[in-house]
Amino acid sequence: MKLFFTSLYIGLLSVLGLLFSCTSPDTSTSFFPEYALYLLNEDGSNTFVLLDSLQRTGESVEIEVPSKEFTREYIQKKGAFYHFKEKNDYFIRYQLDSNHQMIATDSILFKDGYLENYLWKNDTDTLLLFTVEKKTTAHARMYVVDTKNFTLIREEALPLPSSVADFNLLSIGVVDFVDDKLWVAYCYSKFLTADDYTTSDTMYYATLDFSSLAVLNLQKDTRSSYPGGVNTVQSYSARDDQGDFYFMSCPGVALGNSLSKPTAIFRRKAGSQQVDTSYMLDVSKTILNHAYGFWYVGGQKAIIRSEQHELYTDFSNHHSVFQFEYYLVDLATKKLEKINIPLDKGTRKENVLVQGDYVYFGIDNESNKHEIWRYTPAHGKTENVFSASSTADYILRLDFLK
Amino acid sequence: MDISKSLLEKHELGQCNDEELATVQAWLNAEDWGDLDLKKDVDETIKDGMWADISSAVATPSIVQTLISPPRISTIKRYWWTAAAACFIMIIGGYHCFYQPRKDFTVFQAANAEPSVISFSKDHFDVMLSPNSEANIDFESGNISLTGNIMLRPKRDFVLQDGRSNRSFNFKQGEVYFVSEREEEKKLIILSKREMIFLPPVMQRRIKQQFHIS
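Taken in sequence, the protein lines are chains P and A.
Heads up: the first sequence begins at 1 in the numbering used here, then just goes up one per residue.
Heads up: the second sequence begins at 403 in the numbering used here, then just goes up one per residue.
None of these hints come from the bench; they were simulated from the model.
Nothing false has been slipped in among the hints.
Cross-link-like lysine to aspartate or glutamate pairs, in silico, EDC-like; alpha carbons within 20 Å at most: (1) P:LYS134 x P:ASP89; (2) A:LYS588 x P:ASP196; (3) A:LYS557 x P:ASP43; (4) A:LYS574 x P:ASP393; (5) A:LYS557 x P:GLU42; (6) A:LYS574 x P:GLU42; (7) A:LYS610 x A:GLU516; (8) A:LYS595 x P:GLU73; (9) A:LYS610 x P:ASP112; (10) A:LYS610 x P:ASP196; (11) P:LYS190 x A:GLU585; (12) A:LYS557 x A:GLU422; (13) A:LYS595 x P:ASP393; (14) A:LYS610 x P:ASP195; (15) A:LYS610 x P:GLU73.
Computed from a predicted structure; not experimentally measured.
So that you can see chain P by itself, here it is in the shape it has in the complex (with noise of 0.2 Å):
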């Protein structure tokens, strides 16, 4: 009996030995990636880079994106990727699988468009897209997705004029909700020739009863102009730690090209519907640059990402030329303090992560490296903590996966 035991045990035994010896080091079971790089490298190709930490000493792998159409106007929560595919109009969920591969999940058809911005509805799993038409860009169209099931739940065309005078680009820039109200702003651009544009002086902002989008508000601002681009590509919004909204705009050359204007940043107070007219932060006035990019700190405080108009000649140049700067702006005293990491490259890039106590950037520097460098606004330290590969050109995006 004793014997029989002594056999079963060194049996368990060489059946358990030979089961752990037979499992591969795969990546997947002791890599959890935390972090994304979206990357334009070199040879023109796109990749992602991910990260179990922004540290140098994490582990990375760099992975394929899923298709040949899929393009830095990505959304992404919790490890979930969406994209709406503008050659075919399907709006599709990837997802990483265990090996780290981005696959395909799931889609849903819209109705032809250029996607303008997005919006998690009261931070739930429904997601609300805002598209203008392809062919004149005059119409626009809200599509309600809930992400959890993957299902459209409602898709119906905005109440915007397609035009206004003979500006008949219509742009939606930065989009709010709170209290089932949608706070939409929006602008028009015109064709001055056939390769030059111009937006029009005014800013619109119109408040929409959710259910009915019945226009319940419309306030027209004409301090500045171009209030935000499209927002898969760059964040030009933010609500404080009281409830209140900053949004930027950006009639500089990268995106509005109404030059007279200021780039500035705006507010609507908690609660109410109009903006506030006696508030605003003219970035233009004090750096003397028009920026592009706002992430909201914490603390009344924000960041921005500024041009250097000397440095660029126009569009052609404006993003290989190293020349973004980025300002920590205090929203309550105005105050504008110049970050100290290298100058930066790259048209339009969502770069800037904020965790916790800290800032990241990924950075394109002057000497060809691809950093990501971090910052502590409460002392003003920074430091570089990662390098991404040599091939890379562009660090596009910098995601947080979780």
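Knowing the structure of chain P, use the given hints to seat chain A on it.
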């Protein structure tokens, strides 16, 4: 890639792309000339066809006669002077024939007055012209000039200069370039396809519509 007569002929005419050029160079430098069959004679039907083409082009009585009944050597001797003249004309004609394609790939000129995009495929590049565009690409002078917008896909690396701004651009094989004329600034804007994501959305959409990209 295998060495063939047609490839060697292309090489002689300077029409090889990089890959073909590398193959021919490697073959020429190699000690072993492989199994290229240089002994095989030209197909009789091709020879006759070529002769017919040349004869109809030069259209001299003697050659018309050769079409009717192929002459023996003695007959040729009798018409020595005529044959010499025919050879001379053939050389001139040959030069003319080979000169034409050369010109075709050194200078490209096209205009698109149609409401849709038109495309051309040339030895050195493929090109698409948007509506109301004109393009002039001259490899002899190394200049590029245009009105409107074009998409250019080089089939080999080359350098072209924008005559108005005196700026040179390196065009790389395999890339696709968007080239746009900025009338007010009197210069060309040249962006590789991957750089087009940095253009303002309004511009990107205009270009997509012009070239029916989406």
